[in-house]
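Student: Spelled out, the chains give:
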Amino acid sequence: MQLTVLVVTLLFMGIIAAYFIAAVQASDAPQSEINFDARRSRLIWSLLAFGAVVTVASLWSWPHAVRTTSDVVTVNATGYQWYWEIDKESVPVGKPVVFNVHTADVTHGIGIVDPNGRLLVQTQAMPGYVNRVEHVFETAGLHKVICLEFCGIGHHDMVSEFNVVSKQVVRR
Amino acid sequence: MNAAIEKPESSAAKLTMLLAGVVILLMMALGLIMRATQGNLIQLDPALFYQIMTAHGAGMVGAAALTGAAILWYFVGRYVELIEGIYWAFLGLFLLGVVLILGGIFIGGYGGGWTFLFPLPAISGGAWTSSAAASFILGYISIGVGFLLYYLEVGRKLISKYGGISGALAWPLAFGSGKPEDAPPPTIVAAMATTIFNTIGIVVGAAVLISSLVNLLMPEFAVNALLAKNMTYFFGHVFINASIYMAVIAVYEIIPEYTGKPWKTSRAFALSWSAILLLVMIVYPHHLLQDTVMPAWALVMGQIISYLSGIPLLAVTAFSLCVYLRGSNIRWDLASALLVLGVAGWSVGSAPAIIDGMISVNKLMHNTLWVPGHFHIYLILGEVAMAFGFMAWLVKDARATGLAGMDRVAFWLYLLGGAGFTLMFLISGALSIPRRWAVHVPEWFLQDRIAAAFGALVVLAALFFVSNYARGLGKSRSS
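For the record, the sequence lines run as chains A and B. Read in order, the letters of the first sequence are residues 59 to 230 in our numbering. Read in order, the letters of the second sequence are residues 272 to 750 in our numbering.
Treat the hints with caution; some may be incorrect.
Said to hold, decoys possible - Partner residues are not named here, just some residues of chain A that face chain B (Cβ under 8 Å, in silico):
hint, residue
1, Ala87
2, Ser90
3, Phe94
4, Leu105
5, Pro121
6, Val179
7, Thr181
8, Asn189
9, Gly210
10, Ile211
11, His213
To be verified - In silico SDA-like pairs for lysine to any residue, Cα to Cα no more than 20 Å straight-line:
hint, chain 1, residue 1, chain 2, residue 2
12, A, Lys202, B, His711
13, B, Lys532, A, Phe94
14, B, Lys535, A, Val223
15, A, Lys202, A, Trp142
16, B, Lys532, A, Pro154
17, B, Lys535, A, Gln89
18, B, Lys535, A, Ile92
19, A, Lys153, A, Phe220
20, B, Lys746, B, Leu290
21, A, Lys202, B, Lys667
22, B, Lys532, A, Asn93
23, B, Lys535, A, Phe94
24, B, Lys532, A, Gln89
25, B, Lys535, A, Ala76
26, B, Lys532, A, Ile92
27, B, Lys532, A, Glu91
28, A, Lys202, B, Leu702
29, B, Lys532, A, Gln83
30, B, Lys667, B, Ser413
31, B, Lys532, A, Asp86
32, B, Lys450, A, Asp95
33, A, Lys153, A, Leu178
34, B, Lys532, A, Phe220
35, B, Lys535, B, Gly449
36, B, Lys535, A, Lys153
37, A, Lys153, A, Ala115
38, A, Lys146, A, Pro173
39, A, Lys225, A, Gly152
40, A, Lys225, A, Asp129
Just so you know, these hints were derived from the structure itself, not from any lab. Glycine is no exception: its CB is placed at the ideal position from the N, C-alpha and C atoms.
Based on the provided sequences and hints, a complete structural model is requested.
Tutor: Written out as C-alpha cells, the structure reads:
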C-alpha cells in the first residue's frame, strides 16, 4: 500500500512539475490564442469530478470501522512516558483485533509494525479518551509497537513487541 | 525606486529579511544536524536532539511567518499608508518572543516540540521545568500579540480604503456585477483574506497557549486534551499557511516587473481567495485523522476539504502563473527564478499533502517522515524560495542582471538539494520510518545520510542567497 501511495504521489507531483516546466519553456514563445478561461473551467470541473469519485471510493467503507462481533480479539494498550503496557502477548492471524488505546500521561501514538518493518495501522493515545482501531493480521511473527506522537525525550525508546500467531497455536 | 526617497516600510522590510534570512540559515543548519544525527554521522544526546527539533520547528515557522509579514507589509504599503511604529512594535515583540523561546529551550531545556501539544509542556518526565515551558509559551504569546497589532493596522487600513471587508476581498466582482477594473489589486485581496484568517488563528492559538500556561502554574486546572489539540492544530495550520499566502504577494507584485504584464484581480482570482479564506479555517481536522474519538463528520470534512484546498492553489494560483508565463518574455534572474520556483514547489507539495489527507492513507503515513516530506516541499521549495526571491529582488539594483554565474549555480543547487532532501523524506515515510525520533535503527541510516547530503546542498545555496543579500544591502547603502 505504502509503495502504491508513493508511486501515485510521485506521478501527480511529476505532472504538476511538468506543467510548470512547459510554461517556463514557453515563456519566450509567441502569445497563445488558446482560451485559457475555458481550460481553467474544465480543469476545475475535472478536479471536482475526480475528487468526488476518490472521496466516495475511499470512504465507502469507513476506514475507522471497528467490529463488535464475537470473534473480535480485544487488546488494551496504554502509553506511559516511555513504554507501552499491553495486556496480551499474542494475537491470532486472520481475526479482527481491536486495540483500545489509552494513555496514562501525555499524548502518544500507537503504531503496529510488521516483522518487515512496515507500518500496518496506527491511532493516537489521547489523555481522557480511548481511541479504538481494528486490524486483521495477515502474517504471523513478532510485531513491534512503536510511538508515533512526540511525547518527550524517551519517545524513540517506546518500542514493545507482541506475537501474531496462527490460529492453531492460539487454540493450543 | 530611488533609495533616497525610499518608503519607510522598505527599510523595515530589508532589516526583517536580513534577520529572517539568518534565522532560516541557522534553522536549516539545525535541520542538517538532525538528519546527520539520525544517520549516525554525528552523535547527539536525545535531550539535545529534541531541543534542537523544537528550536528548528518554532524557528522555521517563525521565520516563515516573519518573511511573509515583511512581504505583505512592504507591498500593502504601496496602496495604503501604514503606521511604521506598529511594524517596529511587531518586530520588537517578535524578537522578545524569540529570546523567550530560545531561553526556554537552550537554558531551561524545553524540548516539547513546536506544537506544545497539551499536556506535554507540563509533563516532561523530568526533562525540563515548568518555568522553561512557561518561557517558551510566553515567547509564542509575545509573537502572537505582535501579529495581532500588525493585522489590526493592516486590516483597519484596508477596510477603510476599500469599502469594508467585502470590498477589500473583491466580493462585488466575485459574487456580484462588479467589474475587474474596479476591484482592488491582488495584493489587497490576499492581504485582507490573510488578515482575517490569521487573526482568528492567532486568537485561538492564544487561548490554548494561555490555558497551557495556567495549567503549568496550577496543574489542577485541567484542559480537555482533545479540545486543546483541535485548537492547537487549528492555530498551527492557519498560521503556517498564512505565511505562504502572505509570501505569494511577492509573486503578484514582482513578477509583473519582469514581464511588463500586470497581474490583475479577475473573477476567478477573487473567488479563489474567498474560497481560501473559508477552506484554510475548516481543513485542520486532517491533522486529527488518527483520533478515532473525533466525530466522523469532522474527519470526513478534513479529508474532503484537504482535497478542495488544492483547487484554488492548482487551478487558480498555479494555472494562472503558468498561463501568465507563456509568451511573457519574462526576464530571468535570481529573484524571478526563485519566485516562480516558490509557486511551483508549493503546488507540487500539495500532492503528498492531499494524499496524506485521506483517512485510509493517513493510517499508514501519519507521523512517519512522509509528513515532514510534504511540508518541507512547501517550505524549502515554496515559502522560503519566495522569501529568498524577494530578498534577491530587494537588492537587485546592486546585483548583476540575468540568471548567470554563481546565481545560476546557487539556484540549481538549491532546487536539486531541496528536491533530493524532500524526496528522501517521502521515500522514508513510505518505508514506515517514524518522524521525530532522535535515534534511528541502522536500516534507516542510508536514507538519512542521503538526505543529509542533499540537505548540505540546500544549506550551501541558502548561505549564498543570504550572504549575497547582506552584501547587496551593504552596497546599496554605500551607493
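Student: For each hint given before, does the structure comply? Return the numbers of the non-compliant ones in rising order.
Tutor: 14, 16, 21, 25, 30, 34, 36, 37
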